[in-house]
Structures are given as C-alpha cells and as structure tokens.
Amino acid sequence: MPLDIFSIKDDWTKPPSQSVDQYRTPIQYPGSGMYLRNITDDIRIKFTSSFTNLGKSAETAVLEFFSNHSGRQKAFWAIVPKSYFTVTATIGASDTTIQIADPSPVWLRPRERVALVTYAGSVHHARVVAMTSSTMQIDHAFGVSIAAASVAIFTRLIYCRFDQDEVVMVHTAPGISECELSFIELPMERLS
Amino acid sequence: MSASDLFSWLPDWGASLRISYRFDTVINSSEPGAEQSRIPLYSTMKRTMSCTMFSPQYLANIENFLRKMHADFFIVPLFPEPITPTGTHGASLRNVHAVAVEAGVQSYFNLNNLCSDIMMVDRIDQKIAELHTLTSVDSDTQITIGGTFYRDFYIGRTLYFPCMRAYVNDIADALATTALCDTEITFEEHF
Numbered sequence: 129m130p131l132d133i134f135s136i137k138d139d140w141t142k143p144p145s146q147s148v149d150q151y152r153t154p155i156q157y158p159g160s161g162m163y164l165r166n167i168t169d170d171i172r173i174k175f176t177s178s179f180t181n182l183g184k185s186a187e188t189a190v191l192e193f194f195s196n197h198s199g200r201q202k203a204f205w206a207i208v209p210k211s212y213f214t215v216t217a218t219i220g221a222s223d224t225t226i227q228i229a230d231p232s233p234v235w236l237r238p239r240e241r242v243a244l245v246t247y248a249g250s251v252h253h254a255r256v257v258a259m260t261s262s263t264m265q266i267d268h269a270f271g272v273s274i275a276a277a278s279v280a281i282f283t284r285l286i287y288c289r290f291d292q293d294e295v296v297m298v299h300t301a302p303g304i305s306e307c308e309l310s311f312i313e314l315p316m317e318r319l320s
Numbered sequence: 008m009s010a011s012d013l014f015s016w017l018p019d020w021g022a023s024l025r026i027s028y029r030f031d032t033v034i035n036s037s038e039p040g041a042e043q044s045r046i047p048l049y050s051t052m053k054r055t056m057s058c059t060m061f062s063p064q065y066l067a068n069i070e071n072f073l074r075k076m077h078a079d080f081f082i083v084p085l086f087p088e089p090i091t092p093t094g095t096h097g098a099s100l101r102n103v104h105a106v107a108v109e110a111g112v113q114s115y116f117n118l119n120n121l122c123s124d125i126m127m128v129d130r131i132d133q134k135i136a137e138l139h140t141l142t143s144v145d146s147d148t149q150i151t152i153g154g155t156f157y158r159d160f161y162i163g164r165t166l167y168f169p170c171m172r173a174y175v176n177d178i179a180d181a182l183a184t185t186a187l188c189d190t191e192i193t194f195e196e197h198f
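First to last, the sequence lines map onto chains A and B.
So for the first sequence, our numbering puts the first residue at 129; every next one is plus one.
So for the second sequence, our numbering puts the first residue at 8; every next one is plus one.
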C-alpha cells in the first residue's frame with residue numbers, strides 16, 4: 129500500500145531547523161543532588177522547513193496537504209532534512225542492497241524506514257533491514273533502476289503530524305508565496 | 008448582503024499580504040507523549056487575511072466603510088487569487104455567466120475548495136463591485152457564475168475574486184504624511 133508521504137521540497141535558502149523533545153523530569157531533593165526521571169525512550173524529533181511557492185500549483189499542493197490532514201490531527205510520513213545517506217552506485221530494479229557511503233552520521237532506529245527522492249520527483253521508500261559501513265539492506269526492491277547521480281534525497285522517513293494548526297502564506301505577489309511548516313514525530317504511533 | 012457590504016478596494020502589493028489558514032486542534036496526550044486524541048475545532052480551515060491599503064483617492068471611502076462595518080460582517084475578496092476575464096477589450100460582462108478567464112484558475116486553492124461566491128471589482132473605479140454565486144470552475148480557462156447582474160463591467164478593467172465573509176480584526180494606520188497613509192487591515196473569516 130502506498131504511504132502517505134509529504135514529499136514537497138523545502139527551500140534551503142532558509143535552512144530547516146531540528147530539535148529533540150526532552151521527556152525527563154528533573155527531581156531536586158533539598159540539600160542533595162538532582163535526579164532526572166526518564167519518562168519515555170520514545171524521544172521524538174521536531175523540524176521546521178520553509179517553502180517558497182513559485183506559482184499557484186505549488187501553493188495549492190501545500191495547502192491541500194495541510195487541509196487534508198486537518199492541521200495537527202492526521203498523521204503522515206515525512207522526509208527528515210537532517211543527515212542524508214549518499215548512494216555510491218546505481219540501484220538495480222531488483223536490488224535490496226544499496227551501496228552507500230559511511231552511514232554512521234545518520235541516526236536510525238532499528239527497522240526504520242528510509243525514503244529516496246530523485247531529481248525527477250519520484251519517491252521510493254523501504255524499511256531498513258541491516259546496515260554495514262558501505263551497504264544498506266532494505267526489505268523490498270524499488271522496482272526501478274536509479275542512478276546514483278539522479279538521487280536528490282535519501283534519508284530517514286518518519287511518522288509524524290504537523291506541529292502547527294495554522295499555516296501562514298506570505299504573498300509577495302499574487303502568484304508567489306512563502307510559508308513555514310513544522311513537523312513532529314509520533315514514535316508511539318508508528319507501525320513497526 | 009447589499010452592495011455596500013462589499014469591501015472592494017484593492018491592496019498595495021508593495022507590502023506583503025498574509026493569509027493564514029487554521030484549525031485550532033485540541034490534543035489530549037499522556038505524560039510520556041502518547042496522544043490519545045486530536046480533534047480540530049473547525050471542519051474547514053478558518054482564514055485570516057492581513058493586507059495593506061495605500062489608496063489616497065479611496066482613503067475616505069475605506070475609512071467610512073470600516074467605521075460603518077466595525078460591528079458587522081461583510082464580504083472581502085481573497086486578493087492573491089485574482090481572476091482576469093479574457094475577450095474583446097471593452098466588451099461588457101453584464102449577464103455573462105460563463106466567463107472566459109486567463110488560464111490557471113484550477114490551481115487556485117480558495118476558489119476550488121473554500122469559495123461559494125465571486126466578487127466582480129472594477130479596478131479603475133474600485134467603488135464599483137458586485138457579488139455573484141460561483142456555480143462552477145468549468146476548466147482552467149472558464150468559470151460559471153450565477154445571480155442577477157445590476158451594473159456594467161467591462162473586460163480590461165474588471166477582476167473577479169473568490170471571497171469570504173469576514174469582520175475587521177485589526178486596523179493600523181502608518182502615516183507617511185498628513186494626507187497619505189498605509190492602512191494595514193486584518194480580516195478574520197466568520198462562519
């Protein structure tokens with residue numbers, strides 16, 4: 129079944145920001161030390177990206193996605209802008225092993241999903257089965273051959289919702305607008 | 008709704024114009040962050056539009072309108088979605104229900120999703136405006152409007168806008184001289 133993925137490309141002239149929610153309570157005892165009570169290990173990330181809509185179609189795509197997910201209500205999948213994988217060889221149509229450069233800078237949960245977006249705009253996703261320092265094994269092949277040079281984005285795919293109830297379109301002209309969208313991960317709702 | 012309830016003055020595009028779309032969702036969550044329910048308070052997005060008016064010739068008209076309607080609802084065009092009729096320059100648009108327009112209207116979000124009325128505005132004499140029901144967006148180059156026509160509008164000086172029922176949330180005048188000012192107005196949708 130196709131995933132509901134937010135794959136509209138953000139505008140890196142205003143770089144995205146990312147933060148991590150802190151789920152611990154400091155407990156301060158009088159006259160003694162401080163303890164940190166861990167509330168959950170399902171720590172979630174938030175990120176905010178900017179979008180420049182050059183034309184009504186681009187603006188409508190953002191607004192329709194926001195409207196269809198009723199702001200903060202409905203969850204979907206989104207591409208994390210931090211730490212991309214680098215594909216080092218062509219991915220064959222039936223390949224379940226992808227050659228990648230050192231993946232150690234990318235933080236990944238076990239059995240997490242990844243998304244690959246090509247410059248042509250097609251989006252592919254898969255679940256990570258295993259990784260070495262130069263390969264990533266995924267649970268199913270993409271079904272098409274993808275040259276390394278045609279990969280625009282290859283990174284984590286998170287289950288999330290919008291972290292805002294209001295999208296503000298700033299129009300500098302009738303056909304040009306800008307907006308910011310914030311996303312927050314929902315690790316407890318993610319299907320394994 | 009009478010003709011005097013239409014806010015028909017066009018904004019100054021030298022300043023940016025903002026439209027916000029919001030749901031005001033209520034979220035119930037547990038201490039570790041598991042969310043039990045997320046419920047939007049509105050079934051469709053509520054819009055707020057802020058724009059700047061700089062129209063020396065209409066300064067008094069705008070002020071009169073805003074004073075008259077300060078405790079009432081009225082109709083405001085959604086300025087980022089102007090629809091330009093096409094055809095013979097100067098031809099009358101009176102009683103033209105199927106309007107040929109410049110391409111692109113099927114990409115207009117408000118027109119296609121959150122709009123039931125269309126405002127016709129004479130951009131040379133912005134006091135002249137008329138409200139019609141939007142019947143359909145037939146194609147990328149044609150819309151159909153309903154209702155009775157009361158005035159003459161002409162191709163070349165008329166714009167159509169999707170619109171919303173709103174009230175004034177905020178007004179701020181920034182005076183350039185004693186006779187000129189930028190008036191920033193915030194309209195909030197009412198439904």
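Treat the hints loosely; a few may be bogus.
[As the list claims (entries may be wrong)] Distance condition first, Cα-Cα at most 27 Å in a straight line; then the derived BS3-like pairs of lysine-lysine:
hint: 1; chain 1: B; residue 1: K134; chain 2: B; residue 2: K75
hint: 2; chain 1: A; residue 1: K137; chain 2: B; residue 2: K134
hint: 3; chain 1: A; residue 1: K142; chain 2: A; residue 2: K174
hint: 4; chain 1: A; residue 1: K202; chain 2: B; residue 2: K53
hint: 5; chain 1: A; residue 1: K210; chain 2: A; residue 2: K142
hint: 6; chain 1: A; residue 1: K174; chain 2: A; residue 2: K137
hint: 7; chain 1: B; residue 1: K134; chain 2: A; residue 2: K174
hint: 8; chain 1: A; residue 1: K137; chain 2: A; residue 2: K202
hint: 9; chain 1: B; residue 1: K53; chain 2: B; residue 2: K75
[Said to hold, decoys possible] Which stretches of chain B does chain A cover? Using the computed rule of at least three CB atoms under 8 Å from a CB of chain A, they are:
hint: 10; segment: 35 to 46
hint: 11; segment: 86 to 95
hint: 12; segment: 111 to 120
hint: 13; segment: 147 to 153
No wet-lab data here; the hints were simulated from the structure.
Glycine residues also receive a C-beta, built at the ideal position from the N, C-alpha and C atoms.
Subject >> Violated constraints from the hint list, given by number and in increasing order >> reply: 2, 7, 13
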